[in-house]
Amino acid sequence: MTTPLLEAVNLSVHFGGLKAVNDVSFDVWPNEVFSLIGPNGAGKTTIFNLISALYRPTAGEVRFEGEVISRMPPHVVARHGIARTFQNIELFEHATVLQNLLVGRHCHRHTGWWQDLLFTGSVRRAELEFRRQVEEVIEFLDLQHYRDSMVAGLPYGVRKVVELARALAMRPRLLLLDEPSSGLNTEETEDMGFWIEDIKEDLGITVVMVEHDMSLVSRVSDRVLALNLGEVLTLGTPEEVQAHPGVIEAYLGGTADV
Amino acid sequence: MLQLLQLIVSGAAIGCIYALIALGFVLIYKATETVNFAQGDLMMIGGFIGLSAMTVIGLPFALAFIATIAAMALVGMGTERLVLRPLLGQPAFTVVMITIGLGYLARGVVTMIPYWGTETHTLPVPWKDEVIWIGGEGSGLVVSVEHLVIILATVALVALLYVFFRYTRLGIAMQATSQNQLAAFYMGIPVRRVNMLVWGLSAAICGVAGLLLAPITFVHANMGFVGLKAFPAAVVGGFGSIPGALVGGLVIGIVESLAGFYLPEGFKDIAAYVVVLVMLVVKPNGLFGENLTKKV
Amino acid sequence: MHFLFKTRYEQDIALFKHGGQRFWYAALAVALLAAPWLLSEYTLSQITFIGIYAIVCLGLMLLAGFTGQVSLGHAGFLAMGAYTEAYLQANGWPFVISLPLAALVAGITGVMIGLPALRVKGLYLSIATLAFGFILEQAVVSTEAITGGNAGMQLGKLVIAGIDFDDGSNFYYLVTFIAVLCVLGVVNLLRSPTGRAFVAIRDSEVSAQSMGINLAHYKTVAFALSAALAGIAGALYAHKIRFITPDQFGFLQSIELLMMVVIGGLGSIQGAIFGPAFWFVVQQLIVTGKDWLPEALGQQTGLQPTIFGIILVAIVLFEPLGLYGRWLKFRTFLEIFPFYRKGMFRRQKSYMKSERMK
Numbered sequence: 001m002t003t004p005l006l007e008a009v010n011l012s013v014h015f016g017g018l019k020a021v022n023d024v025s026f027d028v029w030p031n032e033v034f035s036l037i038g039p040n041g042a043g044k045t046t047i048f049n050l051i052s053a054l055y056r057p058t059a060g061e062v063r064f065e066g067e068v069i070s071r072m073p074p075h076v077v078a079r080h081g082i083a084r085t086f087q088n089i090e091l092f093e094h095a096t097v098l099q100n101l102l103v104g105r106h107c108h109r110h111t112g113w114w115q116d117l118l119f120t121g122s123v124r125r126a127e128l129e130f131r132r133q134v135e136e137v138i139e140f141l142d143l144q145h146y147r148d149s150m151v152a153g154l155p156y157g158v159r160k161v162v163e164l165a166r167a168l169a170m171r172p173r174l175l176l177l178d179e180p181s182s183g184l185n186t187e188e189t190e191d192m193g194f195w196i197e198d199i200k201e202d203l204g205i206t207v208v209m210v211e212h213d214m215s216l217v218s219r220v221s222d223r224v225l226a227l228n229l230g231e232v233l234t235l236g237t238p239e240e241v242q243a244h245p246g247v248i249e250a251y252l253g254g255t256a257d258v
Numbered sequence: 001m002l003q004l005l006q007l008i009v010s011g012a013a014i015g016c017i018y019a020l021i022a023l024g025f026v027l028i029y030k031a032t033e034t035v036n037f038a039q040g041d042l043m044m045i046g047g048f049i050g051l052s053a054m055t056v057i058g059l060p061f062a063l064a065f066i067a068t069i070a071a072m073a074l075v076g077m078g079t080e081r082l083v084l085r086p087l088l089g090q091p092a093f094t095v096v097m098i099t100i101g102l103g104y105l106a107r108g109v110v111t112m113i114p115y116w117g118t119e120t121h122t123l124p125v126p127w128k129d130e131v132i133w134i135g136g137e138g139s140g141l142v143v144s145v146e147h148l149v150i151i152l153a154t155v156a157l158v159a160l161l162y163v164f165f166r167y168t169r170l171g172i173a174m175q176a177t178s179q180n181q182l183a184a185f186y187m188g189i190p191v192r193r194v195n196m197l198v199w200g201l202s203a204a205i206c207g208v209a210g211l212l213l214a215p216i217t218f219v220h221a222n223m224g225f226v227g228l229k230a231f232p233a234a235v236v237g238g239f240g241s242i243p244g245a246l247v248g249g250l251v252i253g254i255v256e257s258l259a260g261f262y263l264p265e266g267f268k269d270i271a272a273y274v275v276v277l278v279m280l281v282v283k284p285n286g287l288f289g290e291n292l293t294k295k296v
Numbered sequence: 001m002h003f004l005f006k007t008r009y010e011q012d013i014a015l016f017k018h019g020g021q022r023f024w025y026a027a028l029a030v031a032l033l034a035a036p037w038l039l040s041e042y043t044l045s046q047i048t049f050i051g052i053y054a055i056v057c058l059g060l061m062l063l064a065g066f067t068g069q070v071s072l073g074h075a076g077f078l079a080m081g082a083y084t085e086a087y088l089q090a091n092g093w094p095f096v097i098s099l100p101l102a103a104l105v106a107g108i109t110g111v112m113i114g115l116p117a118l119r120v121k122g123l124y125l126s127i128a129t130l131a132f133g134f135i136l137e138q139a140v141v142s143t144e145a146i147t148g149g150n151a152g153m154q155l156g157k158l159v160i161a162g163i164d165f166d167d168g169s170n171f172y173y174l175v176t177f178i179a180v181l182c183v184l185g186v187v188n189l190l191r192s193p194t195g196r197a198f199v200a201i202r203d204s205e206v207s208a209q210s211m212g213i214n215l216a217h218y219k220t221v222a223f224a225l226s227a228a229l230a231g232i233a234g235a236l237y238a239h240k241i242r243f244i245t246p247d248q249f250g251f252l253q254s255i256e257l258l259m260m261v262v263i264g265g266l267g268s269i270q271g272a273i274f275g276p277a278f279w280f281v282v283q284q285l286i287v288t289g290k291d292w293l294p295e296a297l298g299q300q301t302g303l304q305p306t307i308f309g310i311i312l313v314a315i316v317l318f319e320p321l322g323l324y325g326r327w328l329k330f331r332t333f334l335e336i337f338p339f340y341r342k343g344m345f346r347r348q349k350s351y352m353k354s355e356r357m358k
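Residue numbers (our numbering), protein chains in the order written: chain A, 1 to 258; chain B, 1 to 296; chain C, 1 to 358.
Simulated from the structure, these hints should not be mistaken for lab results.
There's no promise every hint is true.
[As the list claims (entries may be wrong)] Each pair of labels, with its calculated beta carbon distance range:
1) B:Y262 with A:N40: 37 to 47 Å
2) C:V281 with B:P264: 40 to 50 Å
3) C:L115 with B:L287: 19 to 29 Å
4) A:G157 with C:I310: 35 to 45 Å
5) B:T118 with A:G157: 26 to 36 Å
6) C:P294 with B:A70: 50 to 60 Å
7) C:I310 with B:I172: 30 to 40 Å
8) C:A14 with A:S182: 37 to 47 Å
9) C:G289 with B:V56: 24 to 34 Å
Think of the CB as a built atom: it goes at the ideal place given N, C-alpha and C, for glycine as much as any other residue.
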């Protein structure tokens, strides 16, 4: 173990007077599943937005493989190999599943728009190669049936998988999953759990996820970070975190009531 | 110095018109998150209704004024009910396009209505072509009564709106709806009906603007193009802010008036657009605007 | 109904998806080639106009329909192309050089207008383009030395390599050829990463960014290409009309271009051609129909805007995919007869996504 894959160093972000994230630090090591938990408003999604550079930190920084990424524009961060999904699904609605996944290959393109305009030989070759790579993801997540369907017409559960597929199509080194199981039924959540394990084991991708479903969290995570009101409560294995009195209090609103 | 003051007063008068139309946009935008590109054309229709009430039916100005407001409120509510409501939930561009289409349609239809037609008409207001001297006849500041009426009427209307939004149940319901539609709905406010009334209110304000502007520019089918300058006004003030719309309108009106005098010919017509571009580059959220970022 | 059994990935990126398509497009090509022999000079001239407008609409479609950036000042780009062409021709430049230059000048203007697009979006962008449109129009009026101001500008005879292209059928072939090239270019763009980036920006800017798409770059490219297409069309328009004045490129023109695109069907290349074609056909019908209408109605200048206004409102309300959407439904109806059901194309009701923070 040399350097962590992702480091958050004294990360803070304030919206006006609200301290959404306050002095949060953590490391994510290669090839682990790292979960962020906490009640609503704990700052989990805000941390995701800080990692993918959609927000700028008020103080502190995020490093990816030792390089500061929190000052970069979001698309450059993505090119470093960080992919993400969104809490409320941000797919390209009026495009097919296949096209959505192909967008995932975007940061690996090396042709310019003028070549695209003429659809030169190199564009054609690159397109076929992208397609081959995307097909691997389609097979991995069992999306063959939906390949040519418009996203706008798909049921919620499938969209969730398509969004995961699109992130995987980037072949990232770090995958951020924002509530992968929200809105899924038990069976779909089960599948999601298997896939997250496979992503870690077979594809060797490090996963950071925000999740409310504690059974999924304890099943797949190596380490868990519990947050409340923008501050770190505790960090440890799923069992340790679940037993932590602060966590129980944050979730249940005071130990006295339990 | 007197010259400058003169320009500012006449600019402020036109600015009040922009402000009123911008106010119409902002009301609709705040309540429904849609932009009405036909706002200027609503004003044009208001002008024509007022004209017909006075010259065809022969009502005195005060009655024609009230009739126009009532008629315009109906036009606004009808538009919302028939055209906008079926599009609820569609992308913003769809709604923009339909209002553009409605404006285009209105300009066509108006020229086909007997008596309205393609000619320009004069609205016979009682204070036509009168002036007031402030600070001595012949030497002081000369203000045309038309301008003065615009400014005073705008002030009165804004005060009235302020009271309406602050103290009436409906006004508060409108505010609530524009803050958070869903929450307002859960609190028992009939959001759709409120939105319809907002359209009515907005159209009525435009009707007033039309009647105020008519003595200056005459009434004709393309009168509504003035409404396009209300966009810069709304942006300068910060789209979605009611005081912003008023200040923005005044700023645009005064800048335009000054540009018309101090700059070469042609600059007057584009002054508003130059101002809005500068504003968009320097401060895209406008003077009073809130920061609009999509939440993920 | 066709069932395509795909065996190679190439099939998905081919220009024509199956033999039937190849056949119909070949038939269209033959029809376009044969048109000068079959049609009257007047009809041919109208088709030439359709071709020119199809090029502008293609550009506008790329911008509004595929990248989601609505331009309310597109006539400004048209003017840039037209005046560049007129000016260069007056100074003795050959068409083969002046046409690309017209596209280039318009394209550069597009980049300039695209710059605010990097900071503002949606409604604000529309207002910025609206403002630019007015400013460009005024600029044309003010630079009298180059453009002739409000007095307008006369174009000379268009001669390329010794052939007179002002002649009806020659000019028709020229426009058709350029229009086909433009369509091919846009089709290529849309089946490649650039086109997908455009669509991604249209559907969700946030996630496009997170996929590594540089918003600033692609929006600028979209504006530049869209403006360049308008520039090409402007140059051809100038030669077609032969006399250009600033008021031909005003706000109303921008609005009408946008209306054509929406009527044709947002988000489809076919729509960019259907739109202007429909526009000119209806215009022609109105002109012919006037004679049968009662005098009081037929002589009204407002008749045309009224009809187009009604058509637009009806399309937006009842057929959001425009004429192309209608055509798709009709084709499906024929293909699967008699199994077509109402509601096969029904849009899912989506609830308004608020762009507000709170």
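Structure-based check of all given hints:
1. About 57 Å separates the C-beta atoms of B:Y262 and A:N40, a value inconsistent with the hinted range of 37 to 47 Å.
2. Separation of C:V281 from B:P264 is about 44 Å and conforms to the stated range, judged on CB atoms against 40 to 50 Å.
3. Taking the beta carbon of each, C:L115 and B:L287 are about 22 Å apart, inside 19 to 29 Å as hinted.
4. Hint check: A:G157 to C:I310, Cβ distance near 43 Å, so the stated range 35 to 45 Å holds.
5. Taken as a hint, the range 26 to 36 Å is violated for the pair B:T118 and A:G157, whose Cβ atoms sit roughly 59 Å apart.
6. Separation of C:P294 from B:A70 is about 33 Å and departs from the stated range, judged on CB atoms against 50 to 60 Å.
7. Here the CB-CB span from C:I310 to B:I172 is close to 38 Å, well matched to the stated 30 to 40 Å.
8. Taking the beta carbon of each, C:A14 and A:S182 are about 40 Å apart, inside 37 to 47 Å as hinted.
9. Hint check: C:G289 to B:V56, Cβ distance near 31 Å, so the stated range 24 to 34 Å holds.
Of the hints listed earlier, those the structure fails to meet are numbers 1, 5, 6, in rising order.
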